[in-house]
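Given chain P's structure and the hints, the job is docking chain A onto it.
If you want the building blocks of each chain, they are given just below.
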Amino acid sequence: SQQGEEDPQALSIQEGENATMNCSYKTSINNLQWYRQNSGRGLVHLILIRSNEREKHSGRLRVTLDTSKKSSSLLITASRAADTASYFCATDPYTQGGSEKLVFGKGTKLTVNP
Amino acid sequence: DGGITQSPKYLFRKEGQNVTLSCEQNLNHDAMYWYRQDPGQGLRLIYYSQIVNDFQKGDIAEGYSVSREKKESFPLTVTSAQKNPTAFYLCASSYSSGLAGVWEQFFGPGTRLTVL
Numbered sequence: 001s002q003q004g005e006e007d008p009q010a011l012s013i014q015e016g017e018n019a020t021m022n023c024s025y026k027t028s029i030n031n032l033q034w035y036r037q038n039s040g041r042g043l044v045h046l047i048l049i050r051s052n053e054r055e056k057h058s059g060r061l062r063v064t065l066d067t068s069k070k071s072s073s074l075l076i077t078a079s080r081a082a083d084t085a086s087y088f089c090a091t092d093p094y095t096q097g098g099s100e101k102l103v104f105g106k107g108t109k110l111t112v113n114p
Numbered sequence: 001d002g003g004i005t006q007s008p009k010y011l012f013r014k015e016g017q018n019v020t021l022s023c024e025q026n027l028n029h030d031a032m033y034w035y036r037q038d039p040g041q042g043l044r045l046i047y048y049s050q051i052v053n054d055f056q057k058g059d060i061a062e063g064y065s066v067s068r069e070k071k072e073s074f075p076l077t078v079t080s081a082q083k084n085p086t087a088f089y090l091c092a093s094s095y096s097s098g099l100a101g102v103w104e105q106f107f108g109p110g111t112r113l114t115v116l
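Those protein sequences? They're chains P and A, same order as listed.
Residue numbering for the first sequence follows the working numbering, beginning at 1 and increasing consecutively.
Residue numbering for the second sequence follows the working numbering, beginning at 1 and increasing consecutively.
So here's chain P without its partners, still in its complex pose (with noise of 0.2 Å):
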């Protein structure tokens, strides 16, 4: 069951520039999470927004989210090749008495051309 969708698929920028992707989920949900994967490897986290909150930012990292819209956004700015990779959004839906499991999307591969 796939709950959040990423918009773009694909997103090819140059170094310094700034790279917004998106994710629109279906449910109401208790966190939301981003992840990054570079080629061939495991995911590593990299943001978690909780659904009362509507921003977060950690280093070059901004995170919205917008719960009536079922919507978030991850923005990085000043892009370095190094950020070059696979960007997925992972959703915690709300179920009573408590969730178990993340329902992750299909990802926004990245490119930073130096």
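Because the hints were derived from the structure by calculation, they are not lab data.
Mixed in with the good hints, there may be bad ones.
Claimed, not checked - Calculated lysine to any residue pairs in the SDA-like style (CA-CA distance at most 25 Å, straight line): (1) P:Lys-109 / A:Glu-104; (2) P:Lys-26 / P:Leu-75; (3) A:Lys-9 / A:Asp-38; (4) A:Lys-9 / P:Gly-40; (5) P:Lys-109 / A:Val-19; (6) P:Lys-109 / A:Asp-38; (7) P:Lys-56 / A:Asp-38.
Chain A in isolation, oriented as in the chain P frame:
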């Protein structure tokens, strides 16, 4: 050096054979997860376990089996019943979820399984 490890990194299997993928963590996490990733796709949940000696099916459990006899270990067996097992398999762990929701997950490096 805390973390989550998977072995082997590459695995080749002949059709009709069962294979077991290893996943070990020393993060003292209660919850562990197995995902499958196909090229250009997101992660799909195979099985997960919130506590030792208990596990639940995910979205694509058919043809797979797991065990959780120790907190640190969550091996995945890909059986001959899995029709299309060639994929990248990722194991993850986290603190046990509750009413507050699912915590961040820590991933292993993955095992790439190829059926010959």
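Okay, the hints, checked on the actual structure:
1. With a CA separation close to 21 Å, the supplied pair Lys-109 (chain P) and Glu-104 (chain A) stays within the 25 Å bound.
2. Straight-line distance between C-alpha atoms of Lys-26 (chain P) and Leu-75 (chain P) comes to about 21 Å, which keeps the hinted pair within the 25 Å bound.
3. Distance hint between Lys-9 (chain A) and Asp-38 (chain A) is fulfilled; the C-alpha atoms sit about 16 Å from each other, no more than 25 Å.
4. About 10 Å separates the Cα atoms of Lys-9 (chain A) and Gly-40 (chain P), which keeps this hinted pair within 25 Å; it holds.
5. A distance of roughly 31 Å separates the Cα atoms of Lys-109 (chain P) and Val-19 (chain A); the hinted pair therefore is violated under the 25 Å criterion.
6. Distance hint between Lys-109 (chain P) and Asp-38 (chain A) is fulfilled; the C-alpha atoms sit about 14 Å from each other, no more than 25 Å.
7. Restraint check for Lys-56 (chain P) and Asp-38 (chain A): not satisfied, since their Cα atoms lie roughly 31 Å apart, outside the 25 Å limit.
Checked against the numbered hints given earlier, the structure breaks hints 5 and 7 and satisfies all the rest.
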